[in-house]
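Residues per chain, in single letters:
There are 2 protein chains.
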Amino acid sequence: MQNHYPPTLKKLISALSSLPGIGEKSASRLSLFLLSKPGLCEFLGDLIKELPFRVRLCKFCRNLSEEEVCGICKDKTRERELLCIVENPVNLLHLESIGIYKGYYYVLHYLLSPKEGFGPKELGLDSLLHLIQERGVKEVILALSPTLSGEATSAYIAEILKPFPLTITKLACGIPMGMEIQFADPLTLKKAFQGREHLKGG
Amino acid sequence: MQNHYPPTLKKLISALSSLPGIGEKSASRLSLFLLSKPGLCEFLGDLIKELPFRVRLCKFCRNLSEEEVCGICKDKTRERELLCIVENPVNLLHLESIGIYKGYYYVLHYLLSPKEGFGPKELGLDSLLHLIQERGVKEVILALSPTLSGEATSAYIAEILKPFPLTITKLACGIPMGMEIQFADPLTLKKAFQGREHLKGG
Ligand SMILES: [Zn+2]
Ligand SMILES: [Zn+2]
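Heads up: the sequence lines are chains A and B, in that order.
Counting from 1, one number per residue, gives the positions in the first sequence under full-length UniProt numbering.
Counting from 1, one number per residue, gives the positions in the second sequence under full-length UniProt numbering.
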């Protein structure tokens with residue numbers, strides 16, 4: 001279909017197609033749109049080129065930051081004893097936007113996956129231990145998604161943190177608020193039974 | 001939601017959101033993906049910056065080209081007497097991919113739209129007339145989408161070409177009214193070529 005496109009356009013279409021969620025058709029439409037906007041090409045091209053040089057990981061929590069220390073770690077009003085472990089910056093932002101948690105974070109960026117070569121080093125577990133000791137963290141909250149790899153990663157980190165004088169917690173799993181029981185999947189229901197809340201008696 | 005993103009990342013997300021078909025959510029996902037691929041940032045950034053400098057319009061047919069004259073205009077085996085007028089490069093490619101037409105093309109890039117300020121100049125009608133005379137074109141085939149503005153543009157061009165010793169045809173409406181050419185199936189398009197409507201001369 002693109003036989004008669006100029007080589008640069010073909011290269012751009014193929015590069016854009018390699019991005020997540022962009023098929024060849026939208027890559028083609030985007031490329032033609034860019035072609036009609038030279039000013040945007042200059043601006044966007046520079047931004048993309050500079051991105052990896054400007055944005056780095058916070059040296060404490062590995063959140064995205066344009067400075068050595070991110071805005072959250074700089075915020076001295078937060079609860080110093082709480083450290084919430086999240087998979088990625090998107091999850092961190094989601095928790096922040098809800099505004100129910102006021103401690104600090106640690107961003108793994110990967111979940112444990114021996115197959116894909118993501119081990120303790122990629123997850124930054126060394127600097128996590130360092131941070132916990134340096135900050136005097138008293139509770140580590142595991143806030144990974146309750147997926148297969150999320151659960152495995154939580155279990156692994158909990159095991160590693162066992163020797164330290166810490167409380168280790170994990171976000172509760174169960175039926176989402178507002179969902180009718182008949183729509184809850186079997187695994188969720190099983191978790192909900194296992195983790196049932198004690199209301200009275202013993 | 002993006003309060004805690006670094007400024008460069010915010011700027012990139014906002015720039016990507018301005019592209020057609022990309023919402024803030026996919027712009028955010030794309031930006032984070034790019035952040036994890038420094039090599040791709042370098043490559044893609046350069047491509048986008050260079051795009052408008054490398055790709056231009058063929059001096060004859062206004063098709064996209066990286067050289068002064070495009071591959072189709074360079075192809076001497078085509079039927080010199082036929083000139084097919086298309087709206088844009090995507091439509092040209094669609095016709096080429098079906099392979100039923102072996103003449104040359106002329107790309108308007110716009111349809112007539114006084115409201116949006118697209119008049120004869122934007123459509124390149126001067127150089128169209130020049131091309132027709134220089135090439136000794138005998139039949140001009142109007143292959144614009146049978147939409148309101150496509151029909152208006154076809155009528156306008158037919159009117160302008162009236163004084164010239166040419167056959168003027170228009171793709172037959174086997175194509176459903178309102179459907180854009182790039183979505184028409186090969187058989188429908190073939191029918192449309194075969195049954196092209198006779199507007200003048202011949
Ligand atoms: Zn930080
Ligand atoms: Zn050409």
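For the record, the hints were derived by calculation from the structure and aren't laboratory data.
A hint or two may mislead.
For identical chains, the list gives no copy identity; a pair is met inside one copy or between any two copies.
[Claimed, not checked] List of simulated lysine to any residue pairs, SDA-like, C-alpha gap at most 25 Å:
1) Lys74 to Met179
2) Lys102 to Val69
3) Lys11 to Met177
4) Lys162 to Val90
5) Lys10 to Arg78
With identical chains, the pair Lys10 and Arg78 could be close in the same copy or across copies; at 25 Å between alpha carbons, which is it: within, between, both, or neither? Only across copies: Lys10 and Arg78 sit 24 Å apart there, 50 Å inside one copy, limit 25 Å.
Intra- versus inter-subunit Cα pairing at 25 Å for Lys11 with Met177: Answer is neither: 42 Å inside a copy and 35 Å across each miss the 25 Å cutoff.
Is the C-alpha distance from Lys162 to Val90 at most 25 Å within one copy, between copies, in both cases, or in neither? neither (28 Å within a copy, 61 Å between copies)
One pair to classify: Lys102 and Val69, alpha carbons no more than 25 Å apart. Within, between, both, or neither? within (18 Å within a copy, 63 Å between copies)
When Cα atoms must be at most 25 Å apart, do Lys74 and Met179 count as within-copy, between-copy, both, or neither? neither (31 Å within a copy, 57 Å between copies)
Checked against the numbered hints listed earlier, the structure breaks hints 1, 3 and 4; every other hint is satisfied.
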